[in-house]
Structure formats: C-alpha cells, structure tokens
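Asks: Those protein sequence lines, which keep their order, are chains A and B. Mapping to the UniProt record's numbering: the first sequence position 63 is 63, numbers consecutive. Mapping to the UniProt record's numbering: the second sequence position 264 is 264, numbers consecutive.
There's no promise every hint is true.
You can't tell identical chains apart in this list, so a pair holds if it fits in one copy or across any two.
What the hints assert, rightly or not - Below 20 Å or equal to it, Euclidean Cα-Cα: the simulated SDA-like pairs (lysine to any residue) are:
| no. | residue 1 | residue 2 |
| --- | --- | --- |
| 1 | LYS140 | GLY287 |
| 2 | LYS140 | ALA46 |
| 3 | LYS239 | ASP34 |
| 4 | LYS43 | GLU216 |
| 5 | LYS317 | ALA28 |
| 6 | LYS134 | GLY322 |
No lab work stands behind these hints, which were simulated from the structure alone.
Number of protein chains: 2
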Amino acid sequence: MLALAAAPLGVNTLVVDSAADACAGQVAPLRLADWTDYAALEKFAAEVDVVTFDFENVPAESAHWLAERVAVFPDPRALAVAQDRLAEKTLFRECGLQTPAFQAVDTREDLDRALATIGAPAILKTRRLGYDGKGQFRIKQRSDADAAWAALGANAHGLILEAFVPFERELSVLAVRTRDGDFRIWPLTQNWHTDGVLSLSLAPAPEVGALQSRAEALARTLAEHLGYVGVFALELFVKDGALLGNEMAPRVHNSGHWTIEGAVTSQFENHVRAVLGLPLGSTAARGCSAMFNWIGELPDAAPVLNAVDGHWHDYGKQSRPGRKVGHATVCANDAKALATRIDTIAKALQRDEQAAPALRALAK
Amino acid sequence: MLALAAAPLGVNTLVVDSAADACAGQVAPLRLADWTDYAALEKFAAEVDVVTFDFENVPAESAHWLAERVAVFPDPRALAVAQDRLAEKTLFRECGLQTPAFQAVDTREDLDRALATIGAPAILKTRRLGYDGKGQFRIKQRSDADAAWAALGANAHGLILEAFVPFERELSVLAVRTRDGDFRIWPLTQNWHTDGVLSLSLAPAPEVGALQSRAEALARTLAEHLGYVGVFALELFVKDGALLGNEMAPRVHNSGHWTIEGAVTSQFENHVRAVLGLPLGSTAARGCSAMFNWIGELPDAAPVLNAVDGHWHDYGKQSRPGRKVGHATVCANDAKALATRIDTIAKALQRDEQAAPALRALAK
Numbered sequence: 001m002l003a004l005a006a007a008p009l010g011v012n013t014l015v016v017d018s019a020a021d022a023c024a025g026q027v028a029p030l031r032l033a034d035w036t037d038y039a040a041l042e043k044f045a046a047e048v049d050v051v052t053f054d055f056e057n058v059p060a061e062s063a064h065w066l067a068e069r070v071a072v073f074p075d076p077r078a079l080a081v082a083q084d085r086l087a088e089k090t091l092f093r094e095c096g097l098q099t100p101a102f103q104a105v106d107t108r109e110d111l112d113r114a115l116a117t118i119g120a121p122a123i124l125k126t127r128r129l130g131y132d133g134k135g136q137f138r139i140k141q142r143s144d145a146d147a148a149w150a151a152l153g154a155n156a157h158g159l160i161l162e163a164f165v166p167f168e169r170e171l172s173v174l175a176v177r178t179r180d181g182d183f184r185i186w187p188l189t190q191n192w193h194t195d196g197v198l199s200l201s202l203a204p205a206p207e208v209g210a211l212q213s214r215a216e217a218l219a220r221t222l223a224e225h226l227g228y229v230g231v232f233a234l235e236l237f238v239k240d241g242a243l244l245g246n247e248m249a250p251r252v253h254n255s256g257h258w259t260i261e262g263a264v265t266s267q268f269e270n271h272v273r274a275v276l277g278l279p280l281g282s283t284a285a286r287g288c289s290a291m292f293n294w295i296g297e298l299p300d301a302a303p304v305l306n307a308v309d310g311h312w313h314d315y316g317k318q319s320r321p322g323r324k325v326g327h328a329t330v331c332a333n334d335a336k337a338l339a340t341r342i343d344t345i346a347k348a349l350q351r352d353e354q355a356a357p358a359l360r361a362l363a364k
Numbered sequence: 001m002l003a004l005a006a007a008p009l010g011v012n013t014l015v016v017d018s019a020a021d022a023c024a025g026q027v028a029p030l031r032l033a034d035w036t037d038y039a040a041l042e043k044f045a046a047e048v049d050v051v052t053f054d055f056e057n058v059p060a061e062s063a064h065w066l067a068e069r070v071a072v073f074p075d076p077r078a079l080a081v082a083q084d085r086l087a088e089k090t091l092f093r094e095c096g097l098q099t100p101a102f103q104a105v106d107t108r109e110d111l112d113r114a115l116a117t118i119g120a121p122a123i124l125k126t127r128r129l130g131y132d133g134k135g136q137f138r139i140k141q142r143s144d145a146d147a148a149w150a151a152l153g154a155n156a157h158g159l160i161l162e163a164f165v166p167f168e169r170e171l172s173v174l175a176v177r178t179r180d181g182d183f184r185i186w187p188l189t190q191n192w193h194t195d196g197v198l199s200l201s202l203a204p205a206p207e208v209g210a211l212q213s214r215a216e217a218l219a220r221t222l223a224e225h226l227g228y229v230g231v232f233a234l235e236l237f238v239k240d241g242a243l244l245g246n247e248m249a250p251r252v253h254n255s256g257h258w259t260i261e262g263a264v265t266s267q268f269e270n271h272v273r274a275v276l277g278l279p280l281g282s283t284a285a286r287g288c289s290a291m292f293n294w295i296g297e298l299p300d301a302a303p304v305l306n307a308v309d310g311h312w313h314d315y316g317k318q319s320r321p322g323r324k325v326g327h328a329t330v331c332a333n334d335a336k337a338l339a340t341r342i343d344t345i346a347k348a349l350q351r352d353e354q355a356a357p358a359l360r361a362l363a364k
C-alpha cells in the first residue's frame with residue numbers, strides 16, 4: 001500500500017524482503033534478502049535515496065547500519081524504542097502519557113514480585129518481537145504464574161508484566177510528522193480486536209470530545225521527543241475517560257487503513273510525503289468510515305463491491321490461519337448511513353459478530 | 001493507473017508494450033513486444049484471464065486475434081469503430097447523437113466536393129490513428145485546400161472533412177457498462193483544450209441541467225449497440241444548448257482522471273471491475289474537482305501538494321514537448337472553495353492561462 005501510494009508521486013519503490021511472496025513485490029521490484037544480509041543491504045543502500053519500513057520488527061541494528069549510508073526515516077531510534085515494551089512504556093510516561101502499571105520481569109522471582117505489586121489479572125508479555133497478541137500470556141489469577149512462566153520464561157529478551165486494564169474502549173491515533181516538524185493527526189480511530197488481532201475500526205471514533213486534542217498533544221510530544229519523521233500509530237485505552245498508552249507502532253498502521261478512501265490524504269501517501277521531505281496532505285476525514293479486517297482468508301468480495309462507497313483490498317497473500325490477508329473499507333456521509341452499510345455487508349458475509357460492537361458504538 | 005486500481009482488487013496485471021519505459025511497467029510486469037508480434041501475443045494470451053487496453057490505437061486486428069484465444073473487453077469491434085472517424089460519426093448518428101457535418105475524403109477532388117457542401121471553416125482529419133489533435137488540418141478558407149491536401153493527402157487510410165463548429169463548451173461523458181448490462185455514467189465533465197490537447201477538466205461540469213440525462217441516454221444507446229464492456233468516453237460539443245458527438249474513446253480517458261479522488265469509484269477501478277465481471281462501484285462525485293494536465297514537462301509539485309485536497313500524478317515519463325507527463329487533481333466541497341484552490345495553484349505555477357476558463361465557468 002505504501003508502494004501504491006508512492007507511484008503517483010513519481011516515486012520508484014524498491015523493496016527488500018526475505019519472503020519471495022512479500023506483497024509489495026506485486027507492485028514494485030523486490031530484492032530477495034534477509035534484513036541482516038549486509039551485503040544485500042549495501043547494494044540496496046546504493047540504489048535508493050530514502051529508506052523506510054512498514055514492519056516494526058525490522059532489526060533496529062540493520063536500520064542503524066543503513067542510516068550510516070543513506071537517509072532512513074523514521075530515525076531507527078524509534079524502531080528501537082517500539083521494539084522494547086519496557087522502553088516504550090517508560091517513554092510514554094516521560095512524555096506525559098499514562099500507562100497501565102508495568103514492571104520488568106527477567107526471572108521467575110521477578111514475576112512473583114511484579115504480581116505482588118501489580119496484582120491479577122495482568123498480562124505477561126515478551127519485551128520484544130510481539131505484535132497482534134503474539135508473545136502474550138494472560139494471567140487471570142496469581143496461580144497462573146507457573147503456566148505463564150512456562151510459556152514465555154525462556155524468552156531471551158526479557159519480559160514485562162502489565163496490569164490488565166478493563167478499558168471502556170480502544171482508540172488509536174495516527175500521526176505524521178515531517179522532517180521540518182510539521183505535525184498532523186487524523187481523526188481518532190476506534191478499534192476492536194478479536195484474539196489480539198484488529199478486527200474492525202471506525203473513524204472518526206464517535207464522541208471523543210476533548211480526547212482528540214489530548215491525543216494530538218501526546219502524539220506530538222512523543223514525535224518531537226523522538227525526532228520522528230513519517231507516520232506512526234499510538235494505541236490507546238480509554239479508562240474512566242482518560243487515555244492510557246498501550247503501544248506505539250513506528251509505521252503505517254492497520255487501524256489507519258480506512259484513510260485510503262476515508263481521508264483526504266491516506267496514511268500511506270503522507271508517510272511517503274514525509275520521508276521524502278514533501279509537504280503533508282490534509283488529514284481530514286471524508287465523512288465516516290469503517291474497516292473490516294480479513295483474517296485467515298478472504299470472504300466473498302461481492303457484498304463490499306456492491307455497497308455504495310465500499311472498497312476492497314486483497315493483499316494477494318496465501319490464506320493462513322491468523323494471517324491478515326486483506327481488508328474492506330466502507331464510507332458514508334454520516335453515522336446512520338454508515339451503520340446501514342456495515343450491517344448489510346456483515347449480514348451478507350455472516351460477519352454480524354465482527355460488526356456488532358461498531359454498530360453499537362454508532363447507535364449511541 | 002489501471003494497474004494501480006487493479007492491485008487492491010487482488011488482480012495481477014501483465015502489460016504488453018513495445019516501449020521499455022511504458023509507465024505501467026513501473027507497477028506491473030512488462031512484456032516488451034510489438035502489438036503485432038503474434039508469437040508474443042500467443043504467450044501473453046496463455047498467461048492472462050482477461051485482456052483490455054488503455055490506448056485506442058492498439059491494432060484492432062491484434063485485439064480480434066486475441067479475442068479468439070482469451071476474453072477481451074471491450075469487444076474489439078468498439079476499437080475498430082473508434083479507430084475510424086467515419087465509422088464513428090456514422091454510428092453516432094445511427095444512435096441518435098447529432099454530429100458536425102462530415103464527409104469522407106479519399107481524393108483531392110473529394111476534398112473540393114466536401115468543402116463545397118460543408119463550407120469553411122472546416123477540419124480535415126485522418127480517418128485513422130489520430131488523437132490529441134494529431135493528423136488534423138484546420139481549413140480556414142477554401143483556398144487552404146491545397147495546403148491541407150499537401151499535409152494529409154498521402155494518408156493511406158483516407159480522410160474525413162468535418163464542419164468546424166463554434167461550440168459553446170466541450171463536455172465529456174465517462175460511462176461504464178458491465179458484461180451483464182449494468183450501465184452507469186459519472187457526472188459530466190467540462191473540458192478545455194490547448195493545441196488540441198486536453199488542458200483542464202472540471203467535474204461535475206457546471207450547470208448542465210438536462211444535458212446529463214441526455215448524455216446518459218446517448219451513451220447507453222451507444223454502449224448497448226456495441227455490446228460494450230468497460231469504461232469509455234464520449235467527447236461532446238454543446239452548440240445552441242444541444243449535444244454534438246465529436247469522438248468516442250473506447251478506454252479510460254484523460255478527462256476522467258479526476259475520478260481517482262473526485263468520485264466514489266474511479267474510472268480505472270470501474271473499468272477493472274467491468275472487464276472482470278465484478279459489480280460496479282458508485283460513480284457519484286465527491287464534491288467538485290478540477291484536473292490540470294501537465295504537458296511536456298512537470299511543473300513544481302509543491303503548490304499542488306500544499307493545496308487542501310490537492311493530488312499529484314507523475315507518470316514517471318521522460319519530458320518531451322507535447323507529451324502528457326502527469327496531471328494534478330484538486331477537489332473541494334463546493335465550487336467557490338474549488339475556484340480558490342485552482343486559483344492558488346495556478347498563480348503559484350504561473351498557469352493562470354490554463355486555469356482561466358475553468359475559473360470563469362465556476363464564477364457563473
């Protein structure tokens with residue numbers, strides 16, 4: 001989707017990926033190489049003007065190494081912070097964003113100590129290389145500690161115990177910052193997850209009130225602290241009306257896919273503009289949008305293609321359980337029309353469960 | 001732009017072109033071959049499910065040949081008709097669309113006879129392989145006949161003399177029809193040309209009143225007559241409030257480029273949907289849009305990127321006098337806001353002349 005947004009800007013994209021079926025390879029030349037293959041990275045660096053990434057588990061060391069040879073945006077520091085939940089949450093607090101209680105866990109004894117402080121329920125997570133609910137263990141009661149340790153204790157990069165927050169809603173802020181500090185956010189997005197994976201997004205998130213400006217201020221502080229250039233997402237919980245920081249994704253984000261049709265400028269285009277030093281486009285929403293994520297396999301496209309303002313996105317990936325293989329966005333001028341369209345699509349695809357929380361939110 | 005629209009639909013595009021720098025090759029694999037290289041076409045046919053084209057001078061014979069081996073949409077008949085101005089105008093009249101007076105010209109004597117009937121001013125055109133004002137000679141007075149004949153008389157495919165119509169405005173209708181006969185048009189577009197090449201488009205064309213439904217009926221008649229599948233454009237003159245047919249383009253059309261951002265579904269996506277047998281998307285406009293064509297070379301992108309709802313399209317082509325190398329679309333919710341944005345861009349790029357007629361039309 002980045003390469004598709006880059007093309008009209010006259011930007012040629014070159015992709016490095018270790019998977020021969022990397023989806024960007026469908027629309028841009030692909031150099032097949034591991035991200036730790038420095039000989040390949042050397043050649044790659046010589047061929048491009050600017051490097052960016054759309055996956056937060058690109059090795060930060062490789063990004064640092066590239067940054068010594070060619071412009072890399074965002075700064076690999078952001079990657080390093082986002083790859084370590086402990087560093088990430090510490091940064092959030094430094095920037096004034098509250099978080100669920102958390103504590104580093106390196107040993108079995110640390111886990112007991114952390115549970116004593118934080119209490120149960122809590123979530124034990126790997127500090128590194130987790131996303132979409134991977135590398136997490138939910139501790140419902142303190143007696144689950146052994147099972148949690150058995151599941152994740154062998155992780156070489158350390159763990160973190162986080163308080164389980166019975167949040168009211170999940171929001172994300174998509175933000176973009178240019179090389180010279182121009183900063184914008186899109187309207188807040190409300191998200192629902194199933195089994196840890198994003199299932200449905202609604203934008204603009206209904207009834208956010210002052211949370212929009214609060215999220216903007218926090219995202220700006222974070223971006224400025226990191227000297228961030230490009231798009232990033234901040235996943236937030238709303239608890240008792242206040243924002244808590246969950247995760248930062250130093251890249252274009254699944255919860256911003258609605259911006260392709262639902263905003264004046266998409267997250268993909270603004271990311272390309274930002275990393276190339278071009279002016280940003282407007283982040284205003286066009287009406288309201290809902291995004292269905294397709295996990296594992298694609299449903300029938302017809303109900304989406306038949307919807308007024310329904311848009312289909314097939315990533316051209318092989319089906320595989322838990323894999324994000326596509327999404328659909330449906331837009332409308334107002335919440336009522338959007339609810340009708342969501343409902344029609346969900347019924348046709350027997351996805352009522354996926355759509356239900358968004359329909360409840362729209363009905364408020 | 002077709003390949004870019006195809007990708008999210010999960011459609012892999014394969015391109016055949018004789019130019020190594022064909023722009024589609026930037027985002028899709030390119031088979032370098034002449035369109036009359038039947039060995040290459042044979043291989044191509046074996047690799048694809050559906051063939052389409054975005055250039056009306058693809059040899060109709062090649063399209064026919066391919067149609068015997070693989071599904072080709074639109075039917076190559078449409079290509080054959082559109083490639084011959086005489087057949088095209090004859091068809092227009094059969095379908096109830098009036099045209100400027102015209103007459104076939106095969107000899108020098110034919111030209112005199114035609115001039116005697118039609119009168120001057122008139123335009124002598126090659127029947128085949130003309131577009132963007134190429135293969136045309138404007139006869140201002142009957143004494144220009146010799147010069148016109150000297151310029152075009154050697155053309156092997158015959159000529160046509162057309163009355164010069166001092167039209168009030170130029171409109172185009174972009175239409176799309178599916179395999180099972182679903183038919184839609186986008187709002188009429190108003191166009192201005194410079195040296196025979198499209199310079200600026202405005203959509204929806206202001207104050208068209210009943211012309212919208214009249215154009216829709218005519219386009220539908222034509223499409224049904226041809227069993228047309230896909231997008232086509234009908235270039236129209238308005239004279240004394242009535243529509244006259246100028247040309248049909250059996251393909252996505254330059255005057256429809258605004259639909260990428262300015263319509264719910266772009267001409268490119270609906271063409272792909274139609275030729276693949278998928279349902280059509282809505283052709284409604286989102287607010288109003290203007291498209292600047294960039295001819296010869298690209299201007300500075302910054303004024304467009306800085307415009308609210310300004311969108312840049314660089315085709316990645318080498319600069320060359322007269323060549324279409326890109327376009328920009330600017331959108332707004334209403335005509336007044338659009339006029340302001342057009343004016344700001346035009347002033348920044350010193351393109352006041354290019355923008356002036358659209359600004360006059362919007363000010364009415």
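Asks: All hints are to be evaluated individually against the structure, with a verdict given for each.
Replies: Hint-by-hint comparison with the structure:
no.	hint	verdict
1	LYS140 with GLY287	neither (41 Å within a copy, 52 Å between copies)
2	LYS140 with ALA46	neither (51 Å within a copy, 58 Å between copies)
3	LYS239 with ASP34	neither (41 Å within a copy, 64 Å between copies)
4	LYS43 with GLU216	neither (39 Å within a copy, 55 Å between copies)
5	LYS317 with ALA28	both (16 Å within a copy, 17 Å between copies)
6	LYS134 with GLY322	within (11 Å within a copy, 55 Å between copies)
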